[in-house]
Amino acid sequence: MFTRYGIGRLTRTVVALGAATALTVGGAVTAGAALPKVTGPTLVGTAEPTSAKYTALNGGVTDGTYWYAVVTEHAKSGTKVYDSNQLIKTKLYATSPAKIATFRIRSGNHTNLLGHGNDIAYNADTKRLLIPAWTNDDSVQATNQGRAIRIVNPSTLAIEKTVLLPRTTTGICYDAVNNRYVGGTLNQYYAYDSAFKQTGKSAKLAMSGLGQGIDCDQSYVYVITSPKGTQKTNRIFVYDWSFKLVRTYEHASGSESEHLTHQRGTYYLGFNIGAGRLYRLDNFQFTVTYAAAGGTGSMAPTVVLYGRSTALRKNTFVRSGYTLAGWTAKRSYDNKTRYQNPKDTTKTGWYTTGKQPSGWKPYLYKNGATVLHTTPRGAVALTATWRKA
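Just so you know, the working numbering puts 77 at position 77 of the sequence shown, and the rest follows in order with no gaps.
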């Protein structure tokens with residue numbers, strides 16, 4: 001994480017700046033705007049390199065069990081600076097690494113295989129990591145390295161092959177539901193199919209702060225920016241897959257965020273603190289799933305941005321001789337079910353089954369109801385309740 005200042009050559013090295021250029025301040029979103037806030041006090045990962053020389057966190061991703069993070073050493077040789085990286089694999093909630101691989105520059109004539117290590121994507125289908133090889137150090141690079149993506153085996157942390165994207169890429173993410181990617185750099189991003197054929201692109205996105213990593217799911221693309229200039233906190237800009245801005249969140253920390261990653265409806269934000277720290281986010285987003293409970297058919301999950309009123313999918317399950325009465329709800333983060341007092345339906349609450357107040361029944365969400373604050377993170381499992389037609 002360093003930025004070049006000056007024209008053509010490195011005149012100053014600043015540790016803890018993730019991308020090469022600040023993003024444009026847009027008129028619609030300013031540093032002083034009142035924004036919904038995510039919180040994230042829970043530490044779930046600590047990057048511990050083998051040497052204190054590796055001081056700067058860059059890209060990272062989780063597969064739900066491990067956090068994979070790139071930390072960088074900025075080694076100076078005369079007037080030049082060369083990046084060397086360690087790729088660190090750490091089990092979530094652990095402090096000691098499970099495995100470390102070193103990608104070191106020993107000469108300016110050697111290619112920096114992980115480049116700046118600015119971001120990482122995890123393909124849950126191929127079970128491989130994807131790391132952009134773009135760099136802004138002084139090592140000798142192939143002319144196409146800015147488009148190169150290293151495919152890494154998460155078990156061995158070895159580079160297995162390289163693929164070239166159509167565009168220069170510093171940030172990359174993967175949507176496992178639709179088997180597609182987003183990649184790009186600074187404030188312009190491109191949608192790709194599973195073979196990296198371009199299927200769409202953004203306009204020049206107007207965001208404040210310093211551009212960092214990206215993430216995506218079946219509904220949204222998330223771009224994070226860290227503090228710079230008048231922006232004193234972190235931002236998460238949420239776009240749909242047409243790259244229209246949907247919502248902007250603020251993380252109040254003044255530390256530099258580097259990457260956003262998620263699994264199963266829980267999101268994590270990596271910060272350049274020490275050699276790297278990963279924090280779980282609350283009040284940002286959750287996923288709603290649907291179960292037929294005796295019916296047939298399938299329904300795709302619904303992604304809900306916390307605090308933004310979102311309609312549940314209307315039932316498409318079928319059960320012969322029955323109609324849908326409603327949906328019961330159980331959330332993953334505390335395994336509690338929503339209950340209701342049938343004598344006073346204005347009274348509801350979340351309880352462990354068996355510990356709800358006497359006489360209370362599972363609350364039934366109506367077909368197509370809207371939700372916005374159902375859970376601070378994770379998933380809400382909706383299960384169909386049927387009544388005879």
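No wet-lab data here; the hints were simulated from the structure. Heads up, some of the hints might be wrong.
With a Cα cut of at most 20 Å, we get these calculated EDC-like pairs of lysine to aspartate or glutamate [stated by the list, open to error]:
id: 1; residue 1: Lys228; residue 2: Asp193
id: 2; residue 1: Lys228; residue 2: Asp240
id: 3; residue 1: Lys161; residue 2: Asp193
id: 4; residue 1: Lys127; residue 2: Glu48
id: 5; residue 1: Lys99; residue 2: Asp138
id: 6; residue 1: Lys388; residue 2: Asp344
id: 7; residue 1: Lys80; residue 2: Glu160
id: 8; residue 1: Lys204; residue 2: Asp240
id: 9; residue 1: Lys37; residue 2: Glu250
id: 10; residue 1: Lys99; residue 2: Glu48
id: 11; residue 1: Lys197; residue 2: Asp138
id: 12; residue 1: Lys161; residue 2: Asp138
**Request:** Could you tell me which of the hints above the structure violates, numbers in ascending order?
**Result:** 1, 2, 4, 5, 6, 7, 11, 12
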